[in-house]
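Keeping their order, the protein sequence lines are chains A and B.
If you count the first sequence from 1, position 61 lands on 61 in our numbering, and the numbers rise without skipping.
If you count the second sequence from 1, position 190 lands on 190 in our numbering, and the numbers rise without skipping.
Hints are not guaranteed to be accurate.
As the list claims (entries may be wrong) - Coverage of chain A stretches by chain B, computed from C-beta distances (three or more under 8 Å per stretch; other residues unrestricted):
hint, segment
1, 17-24
2, 78-89
3, 133-144
4, 195-205
5, 266-280
Said to hold, decoys possible - Beyond 12 Å from chain A on every Cβ pair, some chain B residues (computed):
hint, residue
6, VAL60
7, CYS73
8, THR125
9, ASP138
10, TYR204
11, THR291
In case anyone wonders, no lab produced these hints; they're calculated from the structure.
The structure displayed is predicted, hence computed values, not measured ones.
The C-beta atom is built at its ideal place from N, Cα and C for all residues, glycine as well.
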Amino acid sequence: MTRYIVRRLLQMVLTFFGATFVVYALMFANQDDPYQVLAGDRVVSDSQRAALNAQYHLDKGFFTQYWYYVKGLLTGDFGTSLTGRRIGDMLAEAWPITIKLTLLAIVISAVVAIAAGVFSAVRRGGIFDHVTLVLTLVVLAMPIVVLAPVAQLIFGVKLGWFPVTVTRDANLYQLLLPALVLGTLVVATELRVTRSSVAENLRADYVRTARAKGLSTRRVVGVHVLRNSLIPVITLIGVDLGVLMSGAIVTEGVFNIPGVGFNLFRGIRTEDGPVVVGFVSVLVIVFLVVNLIVDLLYAVLDPRIRYE
Amino acid sequence: MSDINAVTTAEAPGPAATRPADASSAKPRSLAGDAWRDLRRSKVFWIAAVLVAVILLMAVWPTLFTSADPANCQLANRHHPAGGGALFGYDFQGCNVYARTIYGARDSIFVAVVATLIAGVIGLTVGLVAGFYGRWADAVLSRFIDIVLGVPFLLAAIVLARRFTVHETDTGVLAVTLTLGLLGWTTAARVMRSAVITARNQDYVTAARMLGAGPGRLMFRHILPNAVGPFLVVLTLLLGINIAAEATLSYLGVGLQGDAISWGTSIAGNGPYVRVVAGPVVWPSIFLAVTVLAFIMLGDAVRDAFDPKRR
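Full structure from sequences and hints, please.
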């Protein structure tokens, strides 16, 4: 286990440097003269240049600049946006609402997927099973750019069940529709995995033993089967975090939720390079750390899995 | 490792020259032949195939479906309801929504197909080399795949697509195609690698090796034909994913832009007016979703046909 953690950590460090290097190289390398771009047509004097160089290190070589960037990332200094706000502050303001939205989406999708998955596995080949299979196929085919505006139109504007946009101090009710939209991104795969996993476990010897002991179906399915079937589902939920993060960018843009994705969305729209790089870098780091935690959790949850 | 080209052309010496002729009349059905027999009986496959055929026809020959010019936009027609040649009405710039939806298939499909081909070539090469040579080549390439997979797709695509866009006036077709192609190959490579490893250890490959076949001949004549099935399924699914990804990137503002007509740009452009008139957003959305659905169904059907366990 220890060896696995160490190897996994080393791999993460490698991915971190690889990813940040690519992001940095693509965004900042080969710029002609950023100071001149900043100043427009005005002449930038040598003393101004020297002052800016002292602050931004743009006269140094590429790797030195990259080093400053990584140092900033690791010490929590993400730079400032083109509008002069500190990106660290923007992130601190945006995270809580994004975390709320994502958690809500995870809970909704997990509850729906597990309930429907177990039910369709128990009644395999029934009407409910067939309907959910078709429905998951349809949901899988709906990209978030289709789903989010259409859901906003139908449930927000036409039916008026939910607020159309979200305010800064969003409550759960306001976040419900965006979370539902976000949740549908992952609910289909989670449902299918639950279904096949439960269906497989229903045929296991221990289920026959439990039934032979005279246990009720409710107890066999609810306790014995479910506990063994949920391991792949939980891993999937962890892996899905990347999908949810990508989905959050579009969802927050559509519903005007002032979270991380919305800031990134606006950064792209207004061509605010530092904001895009800052947010992308932080999101990549979060993604890497979460994936590591999920992988380790996997081993804790299922004692049969032993990492060498 | 010897030069692959040199070895491919060199015939195996001695007994190999007497190997049985390729087309003997009583030859057993191949894996692909079996799969095709299954596919022909699958309803899902035929529905998907017809849908895909119609969409491809739309992309290649849009004038077959509409005689209206999608670029002919009159602001006077802004948000006009359906009528005349405009089945779906007019959008916020007074463009014919039906014509734009039909013509939108072209860029959407072009980007997705070329990006999938790029991803396929990279995935095939990486998977084949890693699976066939094993050892350090496998170790290095597998770690490389892990690293690429470790970066969230959309975030990487945003950065890449911004970088590839050369001019502001560019339509962005090339940038989006390259971005999707360079990021989408990982799953295909993994599937190819595991399929090659399975095929590599089969007896007939060992036999061919004994007969003196070189690595090039082994890879392309013996291993590849038996490992390519699952790989093709992944590519079919990737086509659907790429169509959706193009729309997402266009929606975010780093995809197609300017004069380009695609479902993604239509959804993005008309998004702010969805409360005034829904049609200009809803119709391209439906076409987009149906296309993605068709490719997913096609991939599902082909996978079922290639997987003996599901028969």
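Here's how the hints hold up against the structure:
no.	hint	verdict
1	17-24	holds (count 4)
2	78-89	violated (count 0)
3	133-144	holds (count 7)
4	195-205	violated (count 0)
5	266-280	holds (count 5)
6	VAL60	23 Å, holds
7	CYS73	21 Å, holds
8	THR125	20 Å, holds
9	ASP138	16 Å, holds
10	TYR204	32 Å, holds
11	THR291	8 Å, violated
Of the numbered hints stated above, those contradicted by the structure are hints 2, 4 and 11, listed in ascending order.
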